[in-house]
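**Student:** Taken in order, these protein sequences are the chains called F and X.
4 is the number of the first residue of the first sequence in this note's numbering; add one for each residue after it.
4 is the number of the first residue of the second sequence in this note's numbering; add one for each residue after it.
Keep in mind that the hints are not guaranteed to be accurate.
In this list, chains with the same sequence are indistinguishable; a pair is considered to hold if it fits within one copy or across any two.
[Stated by the list, open to error] List time: in silico PhoX-like cross-link candidates among lysine-lysine, alpha-carbon distance up to 25 Å:
no. : residue 1 : residue 2
1   : K138      : K103
2   : K199      : K103
3   : K297      : K276
4   : K298      : K246
5   : K103      : K196
Derived by calculation from the structure, the hints in this document are not laboratory data.
Residues per chain are reported as follows:
There are 2 protein chains.
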Amino acid sequence: MPEMRRNPITGEWAIIATERAKRPYNHTFDEDVFISGNAHDSTCCFCYGNEHTTPPEVLTYREKPNASNMSGWTLRVVTNKFSALSPDGEFNITNDGSLKSFTYARGNADVVIESPHHTLNTALFPLPQIKLVLKAYRERYIALAKDPLIQYIAIFKNNGIEAGATLSHPHSQIIATPVVPPVIEYEIAGAKKYFKDNNRCVYCDMIEDELKDGSRVIYENEEFLSFAPYASKSPFETWVMPKFHSSCYEDLTNSQLKSLAQVWKITLYKIYKGLDNPPYNYYIHTSPTQQDTKKFYHWHMELIPKMTVLAGFELGTGMCINIAVPEHSAEYLREVI
Amino acid sequence: MPEMRRNPITGEWAIIATERAKRPYNHTFDEDVFISGNAHDSTCCFCYGNEHTTPPEVLTYREKPNASNMSGWTLRVVTNKFSALSPDGEFNITNDGSLKSFTYARGNADVVIESPHHTLNTALFPLPQIKLVLKAYRERYIALAKDPLIQYIAIFKNNGIEAGATLSHPHSQIIATPVVPPVIEYEIAGAKKYFKDNNRCVYCDMIEDELKDGSRVIYENEEFLSFAPYASKSPFETWVMPKFHSSCYEDLTNSQLKSLAQVWKITLYKIYKGLDNPPYNYYIHTSPTQQDTKKFYHWHMELIPKMTVLAGFELGTGMCINIAVPEHSAEYLREVI
Numbered sequence: 004m005p006e007m008r009r010n011p012i013t014g015e016w017a018i019i020a021t022e023r024a025k026r027p028y029n030h031t032f033d034e035d036v037f038i039s040g041n042a043h044d045s046t047c048c049f050c051y052g053n054e055h056t057t058p059p060e061v062l063t064y065r066e067k068p069n070a071s072n073m074s075g076w077t078l079r080v081v082t083n084k085f086s087a088l089s090p091d092g093e094f095n096i097t098n099d100g101s102l103k104s105f106t107y108a109r110g111n112a113d114v115v116i117e118s119p120h121h122t123l124n125t126a127l128f129p130l131p132q133i134k135l136v137l138k139a140y141r142e143r144y145i146a147l148a149k150d151p152l153i154q155y156i157a158i159f160k161n162n163g164i165e166a167g168a169t170l171s172h173p174h175s176q177i178i179a180t181p182v183v184p185p186v187i188e189y190e191i192a193g194a195k196k197y198f199k200d201n202n203r204c205v206y207c208d209m210i211e212d213e214l215k216d217g218s219r220v221i222y223e224n225e226e227f228l229s230f231a232p233y234a235s236k237s238p239f240e241t242w243v244m245p246k247f248h249s250s251c252y253e254d255l256t257n258s259q260l261k262s263l264a265q266v267w268k269i270t271l272y273k274i275y276k277g278l279d280n281p282p283y284n285y286y287i288h289t290s291p292t293q294q295d296t297k298k299f300y301h302w303h304m305e306l307i308p309k310m311t312v313l314a315g316f317e318l319g320t321g322m323c324i325n326i327a328v329p330e331h332s333a334e335y336l337r338e339v340i
Numbered sequence: 004m005p006e007m008r009r010n011p012i013t014g015e016w017a018i019i020a021t022e023r024a025k026r027p028y029n030h031t032f033d034e035d036v037f038i039s040g041n042a043h044d045s046t047c048c049f050c051y052g053n054e055h056t057t058p059p060e061v062l063t064y065r066e067k068p069n070a071s072n073m074s075g076w077t078l079r080v081v082t083n084k085f086s087a088l089s090p091d092g093e094f095n096i097t098n099d100g101s102l103k104s105f106t107y108a109r110g111n112a113d114v115v116i117e118s119p120h121h122t123l124n125t126a127l128f129p130l131p132q133i134k135l136v137l138k139a140y141r142e143r144y145i146a147l148a149k150d151p152l153i154q155y156i157a158i159f160k161n162n163g164i165e166a167g168a169t170l171s172h173p174h175s176q177i178i179a180t181p182v183v184p185p186v187i188e189y190e191i192a193g194a195k196k197y198f199k200d201n202n203r204c205v206y207c208d209m210i211e212d213e214l215k216d217g218s219r220v221i222y223e224n225e226e227f228l229s230f231a232p233y234a235s236k237s238p239f240e241t242w243v244m245p246k247f248h249s250s251c252y253e254d255l256t257n258s259q260l261k262s263l264a265q266v267w268k269i270t271l272y273k274i275y276k277g278l279d280n281p282p283y284n285y286y287i288h289t290s291p292t293q294q295d296t297k298k299f300y301h302w303h304m305e306l307i308p309k310m311t312v313l314a315g316f317e318l319g320t321g322m323c324i325n326i327a328v329p330e331h332s333a334e335y336l337r338e339v340i
């Protein structure tokens, strides 16, 4: 049974989950994609006709009504068969008197199968399909947040083998955890302090600053901004943020979702075209489910192309050496059409 | 000129250094190593005869006296030609009134050329050579720590292309930074709190706990312990710690260095043999240079074999999913002879 173990020095939790090692591996090589552009792979568990090979769906979008777990869907969310966390059982932080605190790895893991098309890169999805992906994130977030034992819901995507994807069929993941992860804790602490000192949201000030300066802006519409952060940790790091203040991704209205989809599609396309379909990771940073961060926190999306290896310096210190100047990265992406 | 930029939310510093992109790439493939076992590569800047292609040496060990920057050395430390930080100039954290704090990237970067032998894996070094490497770390640490603008000295090694090494000739690196890196800050904060609550060093308690339990011990001698930490973030993560309390690596005596070299060599060899020469990173965590952490901090070495990719979940949350149980990893390595 997977368990979570607490580092007695820093308080960080590690998830020990041997089930994950049994994940299937099905990666259509890029060359094949370019040659065949195959929409269907009969051996892929995410393709039409193989719905029975995944756990039952927890959310489906269909253009025409059809039975559950049958072909014909446009987007499908299923429980991850090789989940690191499980929705069953209790959550008890156990301490046997020594330094060994642990708990049963309570939580949830979803796979968002973003399209029936086996090889279509997310950056090339039609706009309504991008919107559907962002809408599925919101719906699943709202459903998962109802569990009172959940503290944080991580939404993320690994694109490409080098970025950790084991299946090439376009998909993203949602993992609900019973603790607030450290990266979120540090952002919350920083934003809270800034609000206390300035009575303003640090992210709102950042947006104002970026719009005034302009040199790191990649794209914007009325409601969302895509930009290279000033202290980017790696080349072509890109953030997308609502220009309006909001701490919770799940509070997006339908009209805001549409607006986000437009900025997000253009951002993904610029990365795809400008950097020649690089491997990348993206994730949403949003408020923990059980904390009131409304005044000072501001949800956003971060996309990190996998262009360098995190090596001994980065792992040992947490500091990154970025070999690209953010202003140059932004200028380059701004010009990709 | 390289600069450091501060993330206005979390306070983390990113080093923007485009010079690093110009690093040479010379990687003798493993296959070649096994076939030729070549001790010398005339195109390698770290091999005998090419001393003039590196910046001048800052430390050299020789069996017989010889002129500086000439062949005949057994270990050589030079300034990194493609350094992310520079010892020249001032350190001033500049804030133009906006959120954009930055500073000139003041610091130092050394390359420790661990052996004249071009292809000998560090794990196969004779014991005295391992001791020489650990001794060079101590000597350079002491020299670099004299600069009052330096706050932390990171000592680390990247082994193998996948772990970020661009040159295959055995080498490690020392980077001195003008700030205390976040990973160290979190360890210091946790250890300080534990000391306040328990009046004991958390690392000393951890060692006592591990020795009593035994299931995560990999190897030990009288003064040092090699073990898989309870909350390991990745498969075969291995820590080596002095059993005696000490916050500063540079305080190692010659006799302790010899004892450490023995445990370190056996640890490296077990990883090399048991995991078939995997790519890995190791780094030393030791006290910041300008802080008195004597009572509560405890230096140690961490080695992370590169067996999985840090993907969207890990990057976005800072939490890791470990697909191996630390007790199993330790048992496996314990049995490698």
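**Student:** Take the hints in turn and mark each one as holding or not.
**Tutor:** Here is how each hint holds up against the structure:
Within a single copy, K138 and K103 get their C-alpha atoms no closer than 40 Å, and across copies no closer than 34 Å, so neither meets the 25 Å cut-off. In the homo-oligomer, the alpha carbons of K199 and K103 lie at most 25 Å apart only across protomers (19 Å), although the nearest pairing inside one protomer, at 36 Å, exceeds that limit. Neither within a single protomer nor between protomers do K297 and K276 lie at most 25 Å apart by alpha-carbon distance, with minima of 36 Å and 53 Å respectively. Proximity of K298 and K246 under a CA criterion of 25 Å is satisfied intra-copy only: 15 Å inside one chain copy versus 48 Å between copies.
In the homo-oligomer, the alpha carbons of K103 and K196 lie at most 25 Å apart only across protomers (17 Å), although the nearest pairing inside one protomer, at 32 Å, exceeds that limit.
The structure is inconsistent with the numbered hints 1 and 3, although it conforms to all the rest.
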